[in-house]
Amino acid sequence: MDAFLVTGFTTVVVYVSLATLLHLQYGKAGIVNFGVVGFVGIGMYSFGVLTVTHQVPFLLALLIATLLTGLVAFGLGLLILDLDAESVLVATLAFATIVFHLVTTEKWLTNGVVGLGTIPFPFDFGRDTRFYLMLLLTFFAALIVFYAYRVGVSPYGRLLFAIQDNEPLAKGLGKPTTRQKLVFFTVTSAAMGFIGAWYASATQFLVPQIIGASLTFTVWIALIIGGRKRVLGGALGVIVTVALFDIFVERYAELPPDYAQQLPNLKLMLYGLVLMLVILFRPVGLLGERRVDRP
Amino acid sequence: MVDALVIGLLEAAPLVLAAMGFTLIYYLNGFINVAYAENLTLGAYFAVVLNSTLGWNFYLTIVPAAVLAGLFSVLSYLVVIRPALRRGVGQAEMIVLTVGLSFFIRHALRVVFGVQLYLFDFTSTSYLSVFGTGVTDAQTTALVLVAVIAIGFYLFIYKTGYGQKMRALANNRDLALVSGIDPTPVSALIWFFAGVAGGLAGIFYGVFSFVDYLMGWNLILIIIMIAIIGGIGSVRGAVAAGVGAGIFTAAAVLNLPTPLYAQVLLLFFFIVVLRLKGKGVRLFRMQARG
Amino acid sequence: MKLQLTDVTKRFGGRQVVNVPELAIGAHGIEGLIGPNGAGKTTLMNLIMRRLPLDTGQVTWHANGDPVEISRLTVEQIARLGIVKTNQIVQDFESLTIIDSFLLSLADSGFEKFYRVFSDKELRRQTEHEIAGYLDFFHFEAPNGRALSAGEKKLLNIIRCLLLKPRFLLMDEPTAGLPDEQKTKVMEFIRRKVAEDDLSILIVEHNLDLIWNVCEWVSFMADGEIIIQGPPDEIRGDRTLAEKYLGKDHV
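Residue numbers (the numbering used here), protein chains in the order written: chain L, 90 to 384; chain G, 297 to 586; chain P, 4 to 254.
These aren't lab readings, by the way, just hints derived from the structure by calculation.
Worth double-checking, as some hints may not be accurate.
[What the hints assert, rightly or not] Label-pair distances were calculated between CB atoms; the ranges are:
(1) G:R382 - P:G233: 53 to 61 Å
(2) G:L510 - P:D58: 49 to 57 Å
(3) P:T12 - G:L374: 29 to 37 Å
(4) L:L198 - G:V411: 22 to 30 Å
Because the structure is a prediction, the values reported are computed rather than measured.
Beta carbons are placed, not taken as given, at the ideal position from N, Cα and C, and that holds for glycine.
All chains, full assembly: derive it from the sequences and hints.
Below you can see the structure in the form of structure tokens.
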């Protein structure tokens, strides 16, 4: 498999993981997390700093990065999860902006815009290393999708739907709704950090641009297009956006050089346009509504 | 110490206008319009084009640029926002929609204008000394204009007939309709004013620093937060919060080593205020149709 | 097992809506709370259930052993103690089927962990019998679908509460909106539950026939105060009461 496709597919698979995690947060638990890239960023950069600056072994660094992300998510969740959806959106967006600025300005820690590298691979298979890393990340994505599916058919998933549907009624039945949302938010956000750490390993070199707002935006648009309440919504959305653009258009479409240079901007313009169109004309996304009597 | 305070206040003054305009939209339609960020950026770019490219004197660019910004706002309302509200798009989805609009416009601007910074071209610059700080006459004029326009807006909304109609429509749509207020022109007018306010804020903010495609996007979070802190639904509150934010920013710039800490502080402050206000309470119900 | 109210008061904007110096509920299986409109019955219920904060006073829960002061607890905590209230206004989960609602009530916190994603089969197996019992007794049009009519939603609400196996159940107008056969069924079911399990019930109702038929003890409330308590015949037969209140505001 050629190097470009491996990188492209790795990106796709990472986005599928993130979009499915966002599906869990928004589609299942009703948490409007606009700070996805903040958690990814914490995972990425803490992993990078640990492995590069402090020579911490791969797995230990991975563990620490994930736990750290979870801790931050827990703290943020405690503060904002019982607020209304708008406030959660604004607060998480502000949080992600803070992470971005933190990474950019705290040069002593993150090297700022100069960049942090080289982040090691977990294993060494010579020229095939990236390929096997891609397979591993695909496995993680599949695992996350599988978990999302199982949650949908479990008592826990039922509780999450109930909370999203009518939280006061759920409370009246004795359900500890705030605690459950907090736990779920912490776990899924920690997972975003986990994926971020692996993504850092895959990209090997970190610059703040990677964790800009367009990452959150891309994940969101993928989920909305695919269908936010559907387990495979994120996956489908990512294929229709990231895979389409980052692999096919960039590789196979013959564009005049002026356009090619503007491609990232045109891409985001198109994403914005499509997002508006989807919300206007098919807000449930391509996969449609979840049927009540089936997951 | 005083000069940092002065600079901080000057920088925050346009935000007051932006907060007012933003609050107007929230007041009327009940959702957060993230694309308002691009209202600021567009106002600034319109002025830049008139000033740098066409060579107009800066002061002459203010009115046309602001009007263009207002028209853009009305356009976005008619083409995107109103149809969405008519289809019953929910509050959270509306915000996501405006995020999409924001990305669309922002990156279109990036295609057109690139990533470079634009500065306004002043034919002559004289400095005033304010509390020992050098302030250009453009900056003073901007400050004065912001104050005048803010007061003007306030008076228009609270003291005139048309302003009353706007408030009536925002407060209780059904009652307003029954008393013969036609929603579309009044709504369009509200969006126009909000657009003008945003455009002016962008222009003046550009006077104090520079203009680039990210200008509005960088500011929108602060605007949203100060509007919410000030008590969305009250233009008075927005003004008070805007002024407060200016002072707050100035003090933060003084005492904190980096802007990062100021942002963290602002976020904490935002969260604290929200929690004190009565968490979980929806700040404003969504209007059924635009 | 009972609830005890002490010095409970509540004002709304200068008007005293509830003033109960002393009240004990739950000593009898099924109790009723009646009174004219605006007497404060629903407010009293909401105060007990902590849906409204008390201005003064305490609500103490005497279950097994130590009394627990419940006025400081959250809504969920009170429900977990076994004190549950059905809703007067119809409330439902749009995204759950009827059986889903049953399973939601029946699932205890052991099942509702984020990592227990294979446990639904086990839950269904454990609760099969009980769910079947409810489905047989009450007839829902589409148990695997959603509750369709307002009556079904009301019924579902009551069953959800019963499935929690509460020790104390407050019912706010439970039969309003139900067709007649369902009314009798609900009452019959409740009587059975009270006899079998360790359950006490307090019913607020305007349908006085229901109260006289079902309750062993009735409290009469007016203008925020408990005027009189006693067995149904006594309350029914009280002349002054009938003249002063029942005649005027009999619904």
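Hints violated by the structure (numbers, ascending): 3
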